[in-house]
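J.: Each chain is listed here by its residues.
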Amino acid sequence: MKEENTRRRFIKRLIIGLLSLEVIYIIFSLGKSRDTSNEDTNLFDAGSTNEFENNKTYPFHSKKFYLSRFSDGGLLAISTKCTHLGCTTNYNNVTQTFNCPCHSSKFTQNGEVMAPPATRALDYYKMEIKNNRVLVDLSTPIKRDSHSKSQLTYA
Amino acid sequence: MKQKTKKNPLTSFLLHLHPKTIDSRATQFNRTFGLGGMAALLCVLLFISGLALRFLYIPSIEGIPSIEGAYNSTQLIRNENVLSSFIRNIHYWSANALIVISILHLIRVFYTVSIVKKRGENWIYGIILLFIILASSFTGYLLPMDQLAYWAITITSNLLGYFPLIGPEISRFMLGGTDAIDSNTLLQFYTWHTGMLPLLLIGFISIHFWLIRKSKGIALPINENNHKIPTNPELVYKELVTALALTLSLVLLAMLVDAPLLSEANPLESPNPAKAPWYFMGYQELLIHLHPVFALIILPTIVLLFILGLPYLRYKPINTGQWFNSVKNRKITIISAIFSITLTFSLVLINTYIISWTELLPNTRTIITSGLLSFLMFVTPVFSFLYYLKKQLETPRIELVMSLFTIIISSYFTLTLIGCLLRGEGMTLLI
Numbered sequence: 001m002k003e004e005n006t007r008r009r010f011i012k013r014l015i016i017g018l019l020s021l022e023v024i025y026i027i028f029s030l031g032k033s034r035d036t037s038n039e040d041t042n043l044f045d046a047g048s049t050n051e052f053e054n055n056k057t058y059p060f061h062s063k064k065f066y067l068s069r070f071s072d073g074g075l076l077a078i079s080t081k082c083t084h085l086g087c088t089t090n091y092n093n094v095t096q097t098f099n100c101p102c103h104s105s106k107f108t109q110n111g112e113v114m115a116p117p118a119t120r121a122l123d124y125y126k127m128e129i130k131n132n133r134v135l136v137d138l139s140t141p142i143k144r145d146s147h148s149k150s151q152l153t154y155a
Numbered sequence: 001m002k003q004k005t006k007k008n009p010l011t012s013f014l015l016h017l018h019p020k021t022i023d024s025r026a027t028q029f030n031r032t033f034g035l036g037g038m039a040a041l042l043c044v045l046l047f048i049s050g051l052a053l054r055f056l057y058i059p060s061i062e063g064i065p066s067i068e069g070a071y072n073s074t075q076l077i078r079n080e081n082v083l084s085s086f087i088r089n090i091h092y093w094s095a096n097a098l099i100v101i102s103i104l105h106l107i108r109v110f111y112t113v114s115i116v117k118k119r120g121e122n123w124i125y126g127i128i129l130l131f132i133i134l135a136s137s138f139t140g141y142l143l144p145m146d147q148l149a150y151w152a153i154t155i156t157s158n159l160l161g162y163f164p165l166i167g168p169e170i171s172r173f174m175l176g177g178t179d180a181i182d183s184n185t186l187l188q189f190y191t192w193h194t195g196m197l198p199l200l201l202i203g204f205i206s207i208h209f210w211l212i213r214k215s216k217g218i219a220l221p222i223n224e225n226n227h228k229i230p231t232n233p234e235l236v237y238k239e240l241v242t243a244l245a246l247t248l249s250l251v252l253l254a255m256l257v258d259a260p261l262l263s264e265a266n267p268l269e270s271p272n273p274a275k276a277p278w279y280f281m282g283y284q285e286l287l288i289h290l291h292p293v294f295a296l297i298i299l300p301t302i303v304l305l306f307i308l309g310l311p312y313l314r315y316k317p318i319n320t321g322q323w324f325n326s327v328k329n330r331k332i333t334i335i336s337a338i339f340s341i342t343l344t345f346s347l348v349l350i351n352t353y354i355i356s357w358t359e360l361l362p363n364t365r366t367i368i369t370s371g372l373l374s375f376l377m378f379v380t381p382v383f384s385f386l387y388y389l390k391k392q393l394e395t396p397r398i399e400l401v402m403s404l405f406t407i408i409i410s411s412y413f414t415l416t417l418i419g420c421l422l423r424g425e426g427m428t429l430l431i
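Quick note, the sequences are listed as chains S and W, same order.
In terms of this note's numbering, the first sequence is residues 1 to 155.
In terms of this note's numbering, the second sequence is residues 1 to 431.
Worth double-checking, as some hints may not be accurate.
[Said to hold, decoys possible] Which bits of chain S does chain W cover? Going by a derived footprint, with three or more residues having C-beta under 8 Å, they are: (1) 61-73; (2) 84-93; (3) 96-102; (4) 112-118.
Source of the hints: derived by calculation from the structure; they are not laboratory data.
Glycine is no exception: its CB is placed at the ideal position from the N, C-alpha and C atoms.
Bound conformation, chain S alone:
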């Protein structure tokens, strides 16, 4: 009687032990960040630098970004994807804000949150200027909490 009990207990513990090992394995493998970073760059030629006036924002809908040029001539390629839940923001020329049609988040011209529920500034894309051409690297959007001057590119 006693022996049967211990055998039963042993098997029970074995099963529980194995199950928890599997759960730990699954949690660890989920935690591992998958390497999705795309090594190759995907440069998009947005146009010549002198096409863009200061203090204006230009839409590139089909490439899912807006090109903003600020008063000091700095350029920033801002993603159209709302950081809240991924809808496409619309730029309003009058108020100079990005407005989201899904949960009414608002962002300033440089992409910072003006009205929640969005929790961080709009993503931006790396950019380089070669031979006066604005080349935007569309391979990976860069996440940021807020806007800073270092994100701008100057001609």
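With chain S held as given, fit chain W onto it using these hints.
T.: Chain W in isolation, oriented as in the chain S frame:
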């Protein structure tokens, strides 16, 4: 007198849903309004029309499944001939009716205090059924792959990404193992909608029915001199009339009003305003006011624990089958509803027009401002209200619980109305 009649096995099987005789009070229509039975009938209608739609819906182009194929197929079902669009309409209107009826059924069961002992178990299965129904509706309106579907998937998968640690993985899983919405996503939802969820629904409905028999029929107040009447025809005829009336109204609705279909999914542009179907509009409105972590994890966890825990809070005195438990509590319920509607409505206005977190606390993290502080702005008045009820009126526990339940339900109802009726372009408030 023994009568030997040959019975159709199907009829005798169906009659097993009921006992042979039944308390005469149980057949009064306004005791249950027949809501549970209507929900079951709607499930049957959904199964039939859904199976028919499976023959018509072919989400592929030249044999390769694709988002475009799904949209084209839906368009074909809608426009090709009267019968196919009629079947789609029946499916659509039954699904909408099922949500209304299930929620009314839940409210009826709760306010007649039919949630203790064996019925408590059934309450839990009922909540599970409600989630299966909502999941079926969600996966269902994704299949046409119009603008509504595309942006609902986008929003939901992004929302799931807010889960700590495993968020991105859950969101990938939802999309069918990819990072973008593609044919894998479509097949994933198709399999859930036409395979997994109906199977779960059948299983849980069976348990739900069985547990009603186990708890001796529907909840009735205790009464000494009750008299029994034969179920067939007293109850069965009433059920048949209700079923016919409901089916006929759905047929009429399906003939007159077409199920909506927006333009084809366009990943470059969200509709403006982008509104969820009405039953999720309250949640969308909540997302406007509350940080995603609070709206996705903290608040739903609290509400779910409360609703699932309802049968296990020890109540005294309890009058199962009596509306609102006591006559006095009917008043408290109405006051709670008015309180909750006023509170929710004012908080929406305050959060839209008066408080601007980015100006008030510019350098504080959003999880504090639009998360914790907004959450407290709702929770503090609610608990003060309940505390007042408890201290001033010496309300017993069952009635406090009813009050809190009323507050939650009415608040969601208010959010739904605001979201559906008072939001215009850019999701801005119209008042």
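J.: Hint by hint, say whether it matches the structure.
T.: Hint by hint, here is what the structure shows:
no., hint, verdict
1, 61-73, "holds (count 3)"
2, 84-93, "holds (count 6)"
3, 96-102, "holds (count 4)"
4, 112-118, "holds (count 6)"
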